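Please construct the entire structure, taking both the sequences and the accompanying hints into account.
Protein chains in written order, with the numbering used here: chain W, 1 to 139; chain E, 140 to 611.
Treat each hint with caution, since some may be false.
[Said to hold, decoys possible] With a cut-off of at most 20 Å between alpha-carbon atoms, the simulated EDC-like pairs for lysine to aspartate or glutamate come out as follows:
#  : chain 1 : residue 1 : chain 2 : residue 2
1  : E       : Lys143    : E       : Asp169
2  : W       : Lys133    : W       : Glu34
3  : W       : Lys72     : E       : Glu159
4  : W       : Lys92     : E       : Glu258
5  : E       : Lys143    : W       : Glu68
6  : E       : Lys264    : W       : Glu23
7  : W       : Lys35     : E       : Asp156
8  : E       : Lys401    : W       : Glu18
9  : W       : Lys64     : E       : Asp156
10 : W       : Lys64     : E       : Asp219
11 : W       : Lys64     : E       : Asp158
12 : W       : Lys64     : E       : Glu202
13 : E       : Lys401    : W       : Glu23
14 : W       : Lys92     : W       : Glu131
15 : E       : Lys143    : E       : Asp219
16 : W       : Lys64     : E       : Asp204
17 : W       : Lys72     : E       : Glu157
18 : E       : Lys472    : E       : Glu392
19 : W       : Lys92     : W       : Glu132
20 : W       : Lys64     : E       : Glu159
21 : W       : Lys64     : E       : Glu157
No wet-lab data here; the hints were simulated from the structure. Note that the coordinates shown come from a computational prediction; the quantities given were computed from them, not determined experimentally.
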Amino acid sequence: MVIRIAKKILDDIHAHAESTYPEECCGLLISQREKEVMSAVRMRNNYPGPKKDRYDIDPLQLFKADREVAHKGMTITGIYHSHPDYPATLSKFDLEHSFPWYSYVIVSVPKGRAGDTRSWVPNPEHTTASEEKIEVLGD
Amino acid sequence: MPVKVIIPTALRQHTNDEDELSLNARTVGDALKELTTTFPSLSRHLYSDQGRLRNFINIYLNEEDIRYMDGESTQLKDGDTLMIVPAVAGGNAESEVSFSSSEFARYSRHLIMPEVGLEGQRKLKSASVLIVGAGGLGTPSATYLAAAGVGRIGILDYDTIERSNLHRQVLYSEDDVGKSKADVARERLLRVNPNISVEVHKVKLDSSNALEILRNYDVILDGTDNFPTRYLVNDACVLLGKPNVYASIFRFEGQASVFFAKEGPCYRCLYSEPPPPGMVPSCAEGGVLGVLPGVMGTIQAAETIDLILGKGRPLIGRLLLFDALDMSFRELKLKKNPKCSICGPNPTVTRLIDYEAFCGVSEEISPEFEVSPKTLKGWMDDGRDVVTLDVREPFEHEINQVPGSKFIPLAELPERVNELNTASSIVVYCHTGARSAQAVRFLNSMGFKKAKNLKGGIRAWGNEVDPTIQMY
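Printed below as a string of structure tokens:
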């Protein structure tokens, strides 16, 4: 499996991750055809507690974004979020809260600098996820 | 009833690429059943194996969560819109925040309140709080936070326990005098609640270590008793984007606020510059009602818990004033200062500075105008002609003195300065050395070139020279 992301978009995701450090950032990955990210939309981290290791996307904000995407004939293909000072792997918590229809792109942000970025597709049982390759376009 | 159901784009593959469907149903449950009957592959995404709506699927009826209505039994009206929205959440937080049966028993009075509940108690257990200063404010707040189940508490204090601490720092007992505050606090807090972890930082907080230490905590609780550290904690919190739960105490009066630059003012918005050194006495100089920090520290603990739970209306942008003599609470509104030097739009302070210098403490008095208690004792033993001058208040002078002292309270010094001889060698003292430093500066400016300050005041004299004097 491969997910394709233009370098410009990936840079923007990294900038977002660095700007919210030491808190987690989150956003949506929009595609037209499957697994080809056309844009990344920043979402507010709506988690009410400390955001250094948690994120929530406000359901109504997600809904509105999803409708806009739908009107353009596109789809939300994945969710990105950051792991400040933590590896770019799906945590147990990520997995438990995952949806098998999304790709989960995670940016590790050690000491405030965006680093390792990986993408995961969870299984419907929330027990494991398989990694998909990120192909950076226009590099 | 004819209603519309909106499917998230990611699930369109299960609905023949339709994202808006019309169907007839009486209740929300009926509508979902109808939907999954028509599109069976959608079912496992919405329902668990037990046939219950999945936890992380939100169903909204006209933008309202059905959990807050009648759930799946919620009645539908003609033209209603049902929305299926995934609850997207995650993060590297360990989700296995679980509780033993003894913890369930311990937190039961929290768990039964809807504002806390299991979710809130989990937040408390996952949270970390740094308590800067394990003194009058820090010990009651730490005790309640530990008891409440805050999972990780940091105690920052490099001081040792003195007998004069015990009238207000009730975590400590008589036989703790001389021991490290942080160590004793840790041991006591773990006895209060063994289910938490307590980290000890026995260091003096300064610009070189503050960011590194504070970075590891969610909430910072300021229990400091001096201006340099207070500005340092404020600035570090602003730079790190952390909430600073503040309180201060003096005699019978306390104040508390939450400085959180992301959402409101910071300490510098309120006090852009520190007062001149010596003008605002510390508790050691001016005294404090023992119970006062108990009141203010528990207010800080309550604010910290509100912040962690994300409930209530924290003291952001509000300064709470408490007067223990009048037994009154007042509240002042605080505004973000658009010219604030650290949290304003054009900050001039962009990293930590030298706070001792900023508060004028380090230049309080130069070493040549200071005398240690031992040196003074030597001079007296040698029979040198030296005048010792006590500038404390009369009730302090009654408690103890350096033998043979002249006594002029600081406030009377300007008008009684002619009682002193500019040619004399004068050693001025007070309780800890702050007021006398002011007196020395004044005397120096009046031409008393041989006036010096007794370093550490009569407290140091008692500790280093004459243990028989009555200490306070």
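Structure-based check of each hint:
no.	hint	verdict
1	E/Lys143 x E/Asp169	holds, 13 Å
2	W/Lys133 x W/Glu34	holds, 14 Å
3	W/Lys72 x E/Glu159	holds, 14 Å
4	W/Lys92 x E/Glu258	holds, 17 Å
5	E/Lys143 x W/Glu68	holds, 17 Å
6	E/Lys264 x W/Glu23	holds, 18 Å
7	W/Lys35 x E/Asp156	holds, 17 Å
8	E/Lys401 x W/Glu18	holds, 17 Å
9	W/Lys64 x E/Asp156	holds, 19 Å
10	W/Lys64 x E/Asp219	holds, 17 Å
11	W/Lys64 x E/Asp158	holds, 13 Å
12	W/Lys64 x E/Glu202	holds, 10 Å
13	E/Lys401 x W/Glu23	holds, 13 Å
14	W/Lys92 x W/Glu131	holds, 15 Å
15	E/Lys143 x E/Asp219	holds, 6 Å
16	W/Lys64 x E/Asp204	holds, 15 Å
17	W/Lys72 x E/Glu157	holds, 14 Å
18	E/Lys472 x E/Glu392	holds, 18 Å
19	W/Lys92 x W/Glu132	holds, 18 Å
20	W/Lys64 x E/Glu159	holds, 14 Å
21	W/Lys64 x E/Glu157	holds, 17 Å
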